[in-house]
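Chemist: Top to bottom, those sequences are chains A and B.
The end of the first sequence is residue 334 by this note's numbering, with every number in the run present.
The end of the second sequence is residue 265 by this note's numbering, with every number in the run present.
Please note that a few of the clues may not be correct.
Unchecked claim - Now the stretches of chain A that chain B is said to cover, found in silico as 3 or more residues with beta-carbon under 8 angstroms:
hint, region
1, 65-73
2, 199-206
3, 210-220
4, 266-280
5, 296-306
No lab work stands behind these hints, which were simulated from the structure alone.
For each residue, glycine too, the CB sits at the ideal point set by N, CA and C.
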Amino acid sequence: MYDAGLRVIHEDAVANPGIEPHRVRMTEKSVKHEKNAVRQVAALFTLSMLGSALALYAYFAFPISEDLTTVRLNTLYLGVGITLGLLGIGIGAVHWAKTLMPDNEVSEERHLTRGSDEKRAAAIEIINLANQESGFSRRKLIRRTLYGSLALFPLPGIILFADLGPSLGDKLRHTAWKQGTRLTKDPYGSPIKASEVTIGSVFHVIPEGLMPGEENYLEEKAKAAVLLVRVDPDQLIETEERASWSYQGIVAYSKICTHVGCPVALYEQQTHHLLCPCHQSTFDLIDGCKVIFGPATRPLPQLPISVDAEGYLIAQSDFHEPVGPSFWDRSVQQ
Amino acid sequence: MAQLKRKLNGLRRSPRALVVVLFAGLLVVGSGYTAVQAAVSPSTAVTRSQEQIDLGKRIFLSNCASCHGKNAEGTMNGPSLIGVGEASVDFQVSTGRMPGAASGPQLEVKPVQFTEEQISALAAYVGSLADGPSIPDASLLQANGDSTKGGELFRINCAMCHNAGGAGGALTEGKYAPNLMGSSEKTIYEAMLTGPQNMPVFNDANITPAEKNDIITYLKYLQNNRSVGGDELGNLGPVVEGLVAWLGMLGLIIAITIWLGAKSN
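The whole structure should be built from the sequences, with the hints applied where relevant.
Modeler: So, in C-alpha cells, the structure goes:
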C-alpha cells in the first residue's frame with residue numbers, strides 16, 4: 001500500500017490487544033474473602049504498631065554500656081522493631097490497595113509532542129523579529145566580541161578553584177626522615193640495633209620522635225612508615241648508586257604502595273616477595289623492590305640507612321624520591 | 001731478659017704461632033657471635049637426656065632424613081635443620097605440617113604423626129645439633145598479658161597477613177597465612193619465634209617475650225569472645241560482607257517488586 005510518495009506504510013505486525021479483560025477478585029465475589037483481607041491489612045498495621053513499640057522498649061531495655069556485647073542486643077532489637085514498624089505500614093498499604101481498592105483498568109491516551117503548525121509559525125516569527133530588531137545577524141562586530149567575552153569570563157573562576165584547598169607545598173615530596181634520624185619500632189618508638197635484625201626478621205619502623213600528640217602525627221606516620229628486613233647480603237642485587245644504602249644485608253623500604261598508597265607489608269621470607277593486600281602488586285625485595293606483578297608501576301622508594309656510634313640504625317637522609325602513589329606534577333623537580 | 005725476648009721473637013715466627021693466633025681469633029669471634037645470638041634469642045637452659053637424643057635420632061633417620069639429610073644438613077628437597085632450634089621442630093611436627101605429605105606452595109596442617117614423647121625426642125635431637133630457639137617456657141603461654149597492647153602489636157606486625165580478626169589471608173602463588181582462631185598459645189609463640197615457611201621471624205629483640213604474651217592474650221580473647229557485631233561471616237572482610245548484603249538485599253527487593261506488580265486474585 002502506497003500513499004503519495006514512495007513511503008511504504010506497514011500495517012501493525014502485532015495487532016493492539018487492547019486492555020485485557022477485567023478479572024473479578026475474590027474479595028469482590030465473597031464477603032468472607034473481603035473480611036479476611038480487611039483483617040490482614042489491619043493485622044499488618046497492628047504488626048507495625050507492635051514493631052514500633054518493640055523498638056521503644058528495646059531502646060530502654062537494652063542500654064549500651066561500657067560492655068561492648070551490649071551493642072549487639074541493642075542494635076538487633078532496635079533494628080527488628082523499626083523494620084517491622086516501617087514494613088508493616090508499607091506492606092499493609094499495598095495489600096489494602098491490591099485487594100480492596102477499585103482495580104478497574106483505565107487507559108489514558110498520550111497527547112502529541114508536536115505543537116500545532118500555527119504555534120510553530122508564531123514562534124519562528126518571534127525569533128526572526130528579535131534577530132531583526134537586535135541586529136544579531138547583521139552586526140558581525142558585536143556578535144563576535146560577545147562570543148569572545150563569553151568564552152573568557154569563566155576562566156578567572158576556574159583559576160580561583162586552585163585556592164579552594166590548603167596549599168600542599170612540598171608535603172608530598174618530603175617525609176619525617178632526616179640525616180641521622182634513628183629507626184624505631186612502631187608503635188612504641190624504641191631504637192633498633194643492627195645486630196637485633198636477624199636474617200628473616202621484619203621490623204615495622206617509624207622515625208624516632210614521631211609519637212602520638214606530635215603535630216600532624218598520622219599524616220607524617222602515613223608518609224614515613226618503613227619496612228626493615230635483613231636478607232643474606234650475597235642475595236642482594238644492588239645498583240652501584242645504592243650499594244651504600246643498605247647495611248650488612250639490612251634494607252629499608254617505604255611501606256606505602258606506589259600504586260594507590262596502601263601499606264605494603266605482606267613479606268614472604270623465603271621468596272623475598274612483598275605483597276600489597278589491596279591490588280596484589282608484588283615487589284621483589286632483594287632486587288630494589290622492583291614490581292614483579294600487579295598494577296604498581298614504580299619500585300618502592302628505598303631509605304638509605306647506616307649505623308651510628310652506638311650501633312643503632314639511622315637514616316642517611318630522607319627518601320630520594322616522593323613516596324606513595326603518583327601525583328600530577330610528581331616528575332617536576334623541586 | 002734479652003734471651004727471653006729473643007725466644008719470644010722466635011716463637012712469634014714459628015708456624016705454631018699462626019695456629020695459636022688463628023684459634024684465639026676464632027674463639028673471640030665465635031664467642032662474640034654466640035653472645036650476640038644469645039642477646040637476640042635467649043635460650044633457656046634445656047635438659048636433654050642422651051636417651052631422648054638417641055630416640056630422636058632414630059625417629060629422624062626413619063622419617064625426616066630422606067629430605068633433610070642423614071645429619072640434618074639439608075638436601076635438594078629440604079633445608080638444613082642445623083640451628084633451627086627445638087621450637088621450630090615442635091611447631092612443624094606438633095601441628096602436623098611435618099613430615100610433609102606432598103610438595104606444593106605451602107605445607108598444610110594435617111593430623112599429627114607422632115606422640116608428644118616422640119616429638120620432644122625429635123626436638124631434643126635437632127636442638128642438640130646446634131643452638132637455636134628453644135620451646136617457650138610455660139610461664140610465657142598463660143595468655144595473661146595486656147590484650148589491648150597485644151591487639152595494637154598484632155595489627156602492626158601480624159594483621160596484614162593474618163587479618164585483623166586472625167582469620168588468615170591469601171599470599172602470592174597459592175601461599176596463604178593460616179587462620180589463627182584454632183591455634184594454641186604454644187603454636188602462636190613458636191611461629192613468631194621461628195618464622196616457619198614464608199612467615200618472617202619476630203625475634204625477642206623485635207617483639208619481647210612479654211609482648212608475645214600480649215599478642216597471645218589478644219588472640220585468645222578473640223577466640224573466646226563472639227563478635228559484638230553479630231555473625232562474623234568468617235571475618236573475611238568487606239568482600240564477603242558486601243556479597244551477602246547484595247545477594248540478600250537484592251533478592252528481597254526483587255521479591256517485593258514482583259509482589260508489587262502481581263495482581264491480587
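Chemist: Compare the structure with each hint and give your call.
Modeler: Status of each hint after checking the structure:
no.: 1; hint: 65-73; in the structure: holds (count 4)
no.: 2; hint: 199-206; in the structure: holds (count 6)
no.: 3; hint: 210-220; in the structure: violated (count 0)
no.: 4; hint: 266-280; in the structure: holds (count 10)
no.: 5; hint: 296-306; in the structure: violated (count 0)
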